[in-house]
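2 protein chains.
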Amino acid sequence: MKAEIISIGSEILRGQITDTNANFIAKKLVELGIDLEHISVVSDNPESLLSSLKLAFQRSDLIITTGGLGPTEDDITYQTIARTLNLKLIKYPEAEENLNKILKKIHKTISPSNLKQVYLPEGAKIIINQYGTAPAMILEKDNKIICSFPGVPHEMKNLIEEYLIPYLKEKFPPSMIKKSKTLKITGLGESSVNDLIRDYMNKQTNFTFGIYANPEDIQVQVTTQASTEKEVEKLLQSSVNQLTKMLGNYVFGNDEETIEEVVGNLLRTKKLKVAVAESCTGGMLGEMITRTPGSSEYFQGGVISYDAKVKEDLLKVPTEVLKKYGEVSEQVARLMAEGVRINCHSDIGISITGISGPGGATEKKKVGLVYMALADDEKTITQKHQLFGGRQLIRVRASRRALNMLRIYLMGK
Amino acid sequence: MKAEIISIGSEILRGQITDTNANFIAKKLVELGIDLEHISVVSDNPESLLSSLKLAFQRSDLIITTGGLGPTEDDITYQTIARTLNLKLIKYPEAEENLNKILKKIHKTISPSNLKQVYLPEGAKIIINQYGTAPAMILEKDNKIICSFPGVPHEMKNLIEEYLIPYLKEKFPPSMIKKSKTLKITGLGESSVNDLIRDYMNKQTNFTFGIYANPEDIQVQVTTQASTEKEVEKLLQSSVNQLTKMLGNYVFGNDEETIEEVVGNLLRTKKLKVAVAESCTGGMLGEMITRTPGSSEYFQGGVISYDAKVKEDLLKVPTEVLKKYGEVSEQVARLMAEGVRINCHSDIGISITGISGPGGATEKKKVGLVYMALADDEKTITQKHQLFGGRQLIRVRASRRALNMLRIYLMGK
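The listed protein sequences correspond, in order, to chains A and B. When the letters of the first sequence are read in order and numbered with this note's numbering, they come out as residues 203 to 615. When the letters of the second sequence are read in order and numbered with this note's numbering, they come out as residues 203 to 615.
Isolated chain A (complex conformation) (with noise of 0.2 Å):
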């Protein structure tokens, strides 16, 4: 079976808004196996939104509309859906009474614009949508089936999760499960993780496998399917088990797990406490580790140390070193690190010093250049990076780095 989403609203093609309806739908449709081919975005403009119905109704099984269901003059999804189908519309009372409760309950009467919003294509198994006044329906005709929401995403939602999924769920009972695994990769391009699993991944036949570049991670998803839940996750755990080995130290995590959490969880674990000592990341490093809740058990906080004085003062970084390595030096992250490490009470310190751009680069010291040191009570480790893309993203990088140089020192701990 194929479905398609039409997406209706000249909101979106005059980029005033972001689709985000048919997220929602592609995700609810992954986890009922049903095959997403088309998104659709079209106007409500009749002809257009005519022509791309019919479209739909001749390489689509399941066609799922949103918007287009208010009470103005351009909203026509139902007039539009009755034309390209040949149907009459008709009045359904049971909409016109919920509209009327709707209204009372905001303390208004209904409007003649209103008084459209209760007729639908005849034939259509209508949906009382209580959380607006635009009933939503589900019509079956000739082996298709076309179901049209609400655009308001919270009512869409509602009407979808309440209707749309126990209805596809009992008219199609997934004969085979299907799910995906993610594996989470730093500190490799998208064009290396490839090169490491192409051969794997191409002898396959049970899975199907995706790559996806973030700014700082790669993602791999594995997909496969089977007759039951636990066979599907025994195959996929063997798809991950396999992978993983291929990519080594370069996973950091699965599925929704972040680098911080993973990082967070290995100093729960061992009883550590970590201090960010942090220049061209302005707190970056600290915003991050903190985003985890409860993060105050390992994490102690830092020094944000922007200007040299900081560093001398709060880091206790001489001022000889300042300058004759210059700010950006890996002999001012290892003391910065131990510093902090120190000055927080930590039992470890992490540094970053670096030049994000655009201004502050010297022949010899390139925008990007990055120094990170990370110290505990017997030694100092450091790192120097040459990262790329501009300011913001050259803090990303760094942040992550430092996080990423964490957890191996974590997981060899």
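The reader is advised that the hints may include incorrect statements.
One copy or two, it doesn't matter: identical chains are merged, so the pair holds either way.
Unchecked claim - In silico EDC-like pairs for lysine to aspartate or glutamate, Cα to Cα no more than 20 Å straight-line:
#: 1; residue 1: Lys511; residue 2: Glu540
#: 2; residue 1: Lys310; residue 2: Glu392
#: 3; residue 1: Lys303; residue 2: Asp549
#: 4; residue 1: Lys256; residue 2: Glu463
#: 5; residue 1: Lys475; residue 2: Glu458
#: 6; residue 1: Lys343; residue 2: Asp515
#: 7; residue 1: Lys581; residue 2: Asp344
#: 8; residue 1: Lys310; residue 2: Asp419
#: 9; residue 1: Lys567; residue 2: Glu213
#: 10; residue 1: Lys566; residue 2: Glu580
These are calculated hints, taken from the structure and not from any lab test.
Could you slot chain B onto chain A? The hints should help.
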């Protein structure tokens, strides 16, 4: 002229990401006066993409694709465009040169999968991508235009701004010039903004208005058109002036201006330096201030005082005060701001201490309770807020309130 966007990527149809690229392009087309009639999302299945491209060539004059230009097997945009139009794929040496340059910068060598990225349909005007490995292109054929951009948002945005917009402006000089201006407002809710300007908006016939709500600011967009650039600017400015009069100090900026830029400009003009002391925000306020290039001119740094010991040692908040009033209190906020001002050698100290949740609340101090303070060499002012939202939203809101407190303070200086 009819335009169409094709967003290519199975990850959109599987609900893994929301297609935000289309929204960006839609906005740009509005500015150019070009009608966007369709947005189509299609998978990276070759046959699906082929039929979508064929349809687009039938019904649209300008086709903009995003996605599917990467190095992996499922990146098939150029191959499929070539098939659709019966063109050969040919090697573009300038693409190969750029690829080598980019890979060298990040210390990687060209891999076999990268190599396919240098083949584009013959006749394409190549757009070298200095932000990534995938070249973009503009191709004119049979009085139609197809252009392809990477799916990575920042690459797509930069390349469209730098190449596609100037190209379209020259090719299709708009008869009427349409422009928008945005007022950015903080400290007022959407319905309050609406109430303050409703009468004015209803009386206008030359302008259209939109009010949009973000997590921490409200935007009012005014749009108008006229035959000359100068005329449009004049009209827009008159409306912006009227609206600003009605909304007063709540307006912090226009268009793309951010509150941290506005604050940065004020600090620079008044030659003042600021330092931050952050508890619940964990570094976010510092991170926001340092997003602006050149912020080292007015930002000294600060202390992330997550743990009480850091408040005592680095901010000199006395143990007794912490014990008596608790870490989340007006008294502690005050001493944090004063302490960081002195210890970081700045003119102004700002502090935030609060409960961002989900843990840490008590009977009297609920999640979302945030105290902030601003200290200069004469006085310290404090604010108390009860903020709403999840952990991260409370932290964003707290940081932006603190920036707004600083903005109002600086305007009064």
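Which hints, by number, does the structure contradict? 3, 4, 5, 6, 7, 9, 10
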